[in-house]
Amino acid sequence: MTSTPTVLALGANLGDPMAALQGAVKALSQHPAIEITSVSSAYQTDPVGGPEQPVYLNAVVLAKTTLTAHELLAVAHEIENSWHRTREVHWGARTLDIDIITYGDLVSLDEILTLPHPRAGGREFVLVPWLEIDPSAELPGIGPVAGLVAARPTGSVRRTSVLPFQGLNP
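Each residue of the sequence shown is one higher than the last, beginning at 1 in our numbering.
Derived from the structure by calculation, the hints contain no laboratory data.
Computed from a predicted model, the values in this text were never measured in an experiment.
Hints may be right or wrong, so weigh each one.
To be verified - Here are the in silico distance ranges between beta carbons for each label pair:
| # | residue 1 | residue 2 | range |
| --- | --- | --- | --- |
| 1 | 140 | 26 | 23 to 31 Å |
| 2 | 112 | 158 | 31 to 39 Å |
| 3 | 111 | 150 | 27 to 35 Å |
Don't be surprised by glycine CBs; every beta carbon is placed ideally from N, CA and C.
Go ahead and model the full structure; you've got the sequences and the hints to work with.
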């Protein structure tokens, strides 16, 4: 079966965000149809939109999977649910969020999954960690991630002093 490269963005700002990100990476790495190829550092980021809330920790995971995009989304939701994720407030605080940013070159506009992620090109908390682990990354239909980062202020994205995923990178 053919593996498809995918980019996943992780974020958390409730409970223990570092534990949530590490738990998500571990859960993804233990799935038999997902092979993690790289994990960014964790970045502290200011919330974007929504109600007043704590700062986030964000990271990006590069992986290959034999799952379909919708199956991968279901796995992401299962992992989020294991961290007691609720979806009551749009752009609200969360224990864990896993977004599929890209799934190969797939462009999907269905009501369940839009690919590439429609707001990824404007989100420093996705672009900066992604650029860290893939300097030649391209956001399908948009352009090089390096160019997107260069064109935007990135002051709200701060790399943590700790590399939280040490030992989890291949």
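*Out of the numbered hints, which ones does the structure contradict?*
Failing hints: none at all.
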